[in-house]
Amino acid sequence: MTARERVAGNVANYVDERTGAAAWLKKNLNKVFPDHWSFMLGEIALYSFVILLLSGTFLTFWFDPSMRHVVYEGSYQPLKDVEMSAAYASTLHISFDVRGGLLMRQIHHWAALIFVAAIVVHLLRVFFTGAFRKPREFNWILGVALLTLAIVEGFLGYSLPDDLLSGTGIRIAHAIIQSIPVVGTYLSFFAFGGAFPGEVFIPRIYIVHVLLLPGIFLALITIHLMLVWYQKHTQYPGPGRTEKNVVGYPLMPVYMAKAGGFFFIVFGVTAFLGAVASINPLWLYGPYTPGQISAGSQPDWYMGWLDGLVRMAPPLETYLFGKTISWNILIPGLIIPGIIFTGMALYPFIESWLTGDKREHHLLDRPRNVPNRTALGAMSLTFMVIAMINGGNDIIATHFDLTINQIMWFSRIGIIVLPPLAFVITKRICLSLQRKDRELVLHGRETGRLVMLPHGEFVEVHEELSPAKKFALTQHEQPVAIELVKEDARGVINPKGIKAKLQARFSAANAENIAKPTPAEVKELESGHH
Amino acid sequence: MSKELEPLADPGLPEHIHRKADIDPIAAKRAERQVAVLFSLSAVGTLLFIYSFFFVSEDLFIFVPIMGSTNAQQLGIGIGMAASLLFIGFGAVHWAKTLMPDQEVIAERHELRSDPKDREEFVKTAKGGAQAAGLGRRPLIKRSLAAAAGLAGLPAVLLLRDLGPLPGNALNETSWKSGTRLVTDPGDRPIKPSDLEVGAVAQVMPELATGKKRTLEDIAKDAVLLIRLRPSEFQLDAERLSWTYEGIIAFSKICSHMGCAVALYEQTTKHLLCPCHQSTFDVTRAAKVIFGPAARPLPQLAITVDADGYLIAKQPFNEAVGPSFWERKS
Numbered sequence: 305m306t307a308r309e310r311v312a313g314n315v316a317n318y319v320d321e322r323t324g325a326a327a328w329l330k331k332n333l334n335k336v337f338p339d340h341w342s343f344m345l346g347e348i349a350l351y352s353f354v355i356l357l358l359s360g361t362f363l364t365f366w367f368d369p370s371m372r373h374v375v376y377e378g379s380y381q382p383l384k385d386v387e388m389s390a391a392y393a394s395t396l397h398i399s400f401d402v403r404g405g406l407l408m409r410q411i412h413h414w415a416a417l418i419f420v421a422a423i424v425v426h427l428l429r430v431f432f433t434g435a436f437r438k439p440r441e442f443n444w445i446l447g448v449a450l451l452t453l454a455i456v457e458g459f460l461g462y463s464l465p466d467d468l469l470s471g472t473g474i475r476i477a478h479a480i481i482q483s484i485p486v487v488g489t490y491l492s493f494f495a496f497g498g499a500f501p502g503e504v505f506i507p508r509i510y511i512v513h514v515l516l517l518p519g520i521f522l523a524l525i526t527i528h529l530m531l532v533w534y535q536k537h538t539q540y541p542g543p544g545r546t547e548k549n550v551v552g553y554p555l556m557p558v559y560m561a562k563a564g565g566f567f568f569i570v571f572g573v574t575a576f577l578g579a580v581a582s583i584n585p586l587w588l589y590g591p592y593t594p595g596q597i598s599a600g601s602q603p604d605w606y607m608g609w610l611d612g613l614v615r616m617a618p619p620l621e622t623y624l625f626g627k628t629i630s631w632n633i634l635i636p637g638l639i640i641p642g643i644i645f646t647g648m649a650l651y652p653f654i655e656s657w658l659t660g661d662k663r664e665h666h667l668l669d670r671p672r673n674v675p676n677r678t679a680l681g682a683m684s685l686t687f688m689v690i691a692m693i694n695g696g697n698d699i700i701a702t703h704f705d706l707t708i709n710q711i712m713w714f715s716r717i718g719i720i721v722l723p724p725l726a727f728v729i730t731k732r733i734c735l736s737l738q739r740k741d742r743e744l745v746l747h748g749r750e751t752g753r754l755v756m757l758p759h760g761e762f763v764e765v766h767e768e769l770s771p772a773k774k775f776a777l778t779q780h781e782q783p784v785a786i787e788l789v790k791e792d793a794r795g796v797i798n799p800k801g802i803k804a805k806l807q808a809r810f811s812a813a814n815a816e817n818i819a820k821p822t823p824a825e826v827k828e829l830e831s832g833h834h
Numbered sequence: 006m007s008k009e010l011e012p013l014a015d016p017g018l019p020e021h022i023h024r025k026a027d028i029d030p031i032a033a034k035r036a037e038r039q040v041a042v043l044f045s046l047s048a049v050g051t052l053l054f055i056y057s058f059f060f061v062s063e064d065l066f067i068f069v070p071i072m073g074s075t076n077a078q079q080l081g082i083g084i085g086m087a088a089s090l091l092f093i094g095f096g097a098v099h100w101a102k103t104l105m106p107d108q109e110v111i112a113e114r115h116e117l118r119s120d121p122k123d124r125e126e127f128v129k130t131a132k133g134g135a136q137a138a139g140l141g142r143r144p145l146i147k148r149s150l151a152a153a154a155g156l157a158g159l160p161a162v163l164l165l166r167d168l169g170p171l172p173g174n175a176l177n178e179t180s181w182k183s184g185t186r187l188v189t190d191p192g193d194r195p196i197k198p199s200d201l202e203v204g205a206v207a208q209v210m211p212e213l214a215t216g217k218k219r220t221l222e223d224i225a226k227d228a229v230l231l232i233r234l235r236p237s238e239f240q241l242d243a244e245r246l247s248w249t250y251e252g253i254i255a256f257s258k259i260c261s262h263m264g265c266a267v268a269l270y271e272q273t274t275k276h277l278l279c280p281c282h283q284s285t286f287d288v289t290r291a292a293k294v295i296f297g298p299a300a301r302p303l304p305q306l307a308i309t310v311d312a313d314g315y316l317i318a319k320q321p322f323n324e325a326v327g328p329s330f331w332e333r334k335s
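Taken in order, these protein sequences are the chains called A and B.
Counting in the working numbering, the first sequence runs from 305 upward without gaps.
Counting in the working numbering, the second sequence runs from 6 upward without gaps.
Please keep in mind that the hints were generated in silico from the structure rather than gathered at the bench.
There's no promise every hint is true.
As the list claims (entries may be wrong) - Using 30 Å as the maximum straight-line C-alpha spacing, the simulated BS3-like pairs for lysine-lysine come out as follows:
id: 1; chain 1: A; residue 1: 335; chain 2: B; residue 2: 129
id: 2; chain 1: B; residue 1: 102; chain 2: A; residue 2: 773
id: 3; chain 1: B; residue 1: 122; chain 2: A; residue 2: 438
id: 4; chain 1: A; residue 1: 627; chain 2: B; residue 2: 319
id: 5; chain 1: B; residue 1: 319; chain 2: A; residue 2: 331
id: 6; chain 1: A; residue 1: 536; chain 2: B; residue 2: 102
id: 7; chain 1: B; residue 1: 147; chain 2: A; residue 2: 438
id: 8; chain 1: B; residue 1: 293; chain 2: A; residue 2: 662
id: 9; chain 1: A; residue 1: 438; chain 2: A; residue 2: 331
id: 10; chain 1: B; residue 1: 122; chain 2: A; residue 2: 548
id: 11; chain 1: A; residue 1: 330; chain 2: B; residue 2: 122
Just so we're clear, the structure is a prediction, and the values are computed from it rather than from any experiment.
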């Protein structure tokens, strides 16, 4: 035993005698994680969160979330002697008079954009591969909650500096709060400590931004990861992989090195963006005043869809029984987002009910093998993308020489027509891909080599797939429709009535698939001529 | 539910193929050197950071392609930091990929549900606990506890009461009174009609009592746009026409949709456009909404001139300015 080993042994012994950690660590250091590039997406979100904590803490050392009036005396000449809030002045101080301050501000902002983007892409991966199915429904809900909070946290963050752009964002948030029927006016007066803009809103959202929400994030992310750990990661189907095992690399050392290294890569890329790509140059906007605005006001990307929905809303407002309801704000600003996020959170339960599938799933779906789910995902994405395009309608109009009206009407009609179209097209594409898989298994890969037979006929040589590939293309199950039981053998009418009908219809639609090749078909072809 | 057709045979995990570094000591040595070089590059990045931090002037700007003129210190510490992090990452990943074991291993999954005996015992313990507490037998305790716990939430809500004042009539009022002078913003100078040429647009505020300071809350509801047209260009009813003065018309600058400043005036079409959500208002028709999500015209301020010939408000706004709210009239 070398001296170093003896020291390590002593330390390990000291800790274990006080915690009993060895038994747990022995098991978990060998924990197996499946390997796939798409499993990195959630990791990016996690690492961006860590970067946000680090860079955010740095910023708090100088940022002063106060609405106190000050006269700017810093080194940025164009704003010299301008009266502004301490929040804006301290942000300018960080940007111009703290070494590395601008870099950290830009890293913080880029990391926030990446954080939300990574959550969204991770969510799409989980959705399209069916990773949310039993037993992972809780983790899906946690994920939806984290996405919602991330959007709120991001909005609060870019509202803090009290520049002209961020103040305009707060103005719009204020109008949304105020539009809530019955209590809206009161809520807005409580939140803002009186009339807009007041002097308390930014200090209040500051504490929410740096303490309350990060605390909730930490708790939820911890549970999210513990569940992943405990339930073991899902894996893509393939030879040797089953519902009963996990195939991959052990945590120690491969995953530690890869995941640890990846953290540094994510941090490095964010730092690189912060170094070379200017983001939110708020010194150009000037301090906030409600009487001014800059043209082409744009929120951060993850708010774009919301802004786009608000922009395309028809001018609907009702005045009934002496009360005003702004449907033009309520519907796009609260009702549609509410439906989207609630529907998203409940989706695992809806799908399980519609398909009648209550079993555990640890093998992921290939999106093409679940055409309805994939089509639904494409449909929702189309909706969001059109909303987002409309959120940038002023920018698009000036860049592509279109009028705002053209883009607005494209969006208003498109958001109703295009999502269903996307559903139909995606479903057709999925079925075609299934057909292609079947073709591949039964007839092999087209090699492009033409052979002339003795009697002059030309045929293309098809190369048989490897058994591993064949298995991968046929291992999935294909659902069968739930039969509608109108009445049982004794003539008792099904008490579930319309619910049973609904379920039968959806499961029938779900069962529309291209039959995968059976072993018998494969065998027949193998034994026959080719 | 699904019909499980008998699947094709699972050929099992593919045979493990060794990497070059696994079998060739020279390749392994090369990989080791590569990892070391990557880690060293990280150290170079850190040196660049330190150098830029201490020895590059804060005022030095250099030309960088694409980025243009760039602050050298900011760029140096940024690139240095990025490199110091990135190359640690690249090194670790390269190490894992070339030298650490790459043979996939199989672990068993265990069903998550507890075994039936544990479940049974859990139910027994839980029920036993509830029984021991007498929850079932003593409904009075259960109900009074439920009521008390429900009520105990009230203080938490009530404590938030002093977050802000009650709205009262605040949203219906502005600083505009009958006879308030219009003053330029910025500058606070009273305006005569002759100061505005036809086609001109100006932001104005109500004149302040001496010694008073204009707050942001004031601006958020008092900001007004003055626009001068030829009187013949208006298409207004008699009342609204009487609210204009020699072709000068005044509107609240606060958008009736979500309260942004309606700052874009297009002279040829005489449209006002809100940059936030593109609501468009026709100035000649009392700011009627002609496009976008706004549901109401911008409130019009009735103006005239006082004895000294300065523009004044004839009367306060006859409706609330800014975005709608539940209690808003009309």
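Evaluated hints:
In summary, the hint linking residue 335 of chain A to residue 129 of chain B is not supported, as the alpha carbons are separated by about 34 Å, beyond the 30 Å threshold. For the hint pairing residue 102 of chain B with residue 773 of chain A, the CA-to-CA distance comes to about 25 Å; that is within 30 Å, so the pair holds. Among the hinted pairs, residue 122 of chain B with residue 438 of chain A is consistent with the structure: their alpha-carbon atoms are about 23 Å apart, no more than 30 Å. Of the pairs offered as hints, the one joining residue 627 of chain A and residue 319 of chain B holds, with about 28 Å between alpha carbons and a cut-off of 30 Å not exceeded.
Annotation: proposed proximity of residue 319 of chain B to residue 331 of chain A is violated, straight-line Cα distance about 83 Å (limit 30 Å). Using a Cα cut-off of 30 Å, the hinted pair residue 536 of chain A and residue 102 of chain B holds, with the two alpha carbons roughly 23 Å apart. For the suggested pair residue 147 of chain B and residue 438 of chain A, the alpha carbons sit about 35 Å apart, so the restraint of at most 30 Å is broken. A C-alpha spacing of about 57 Å is found between residue 293 of chain B and residue 662 of chain A, which places the hinted pair above 30 Å, so the restraint is violated.
As the CA atoms of residue 438 of chain A and residue 331 of chain A are separated by approximately 25 Å, the hinted pair is consistent with the 30 Å bound. Proposed proximity of residue 122 of chain B and residue 548 of chain A is supported: the alpha carbons are some 22 Å apart, at most 30 Å. Of the supplied pair hints, the one linking residue 330 of chain A and residue 122 of chain B holds, its CA atoms being roughly 28 Å apart against a limit of 30 Å.
Hints 1, 5, 7, 8 from the earlier list are contradicted by this structure; the remaining hints agree with it.
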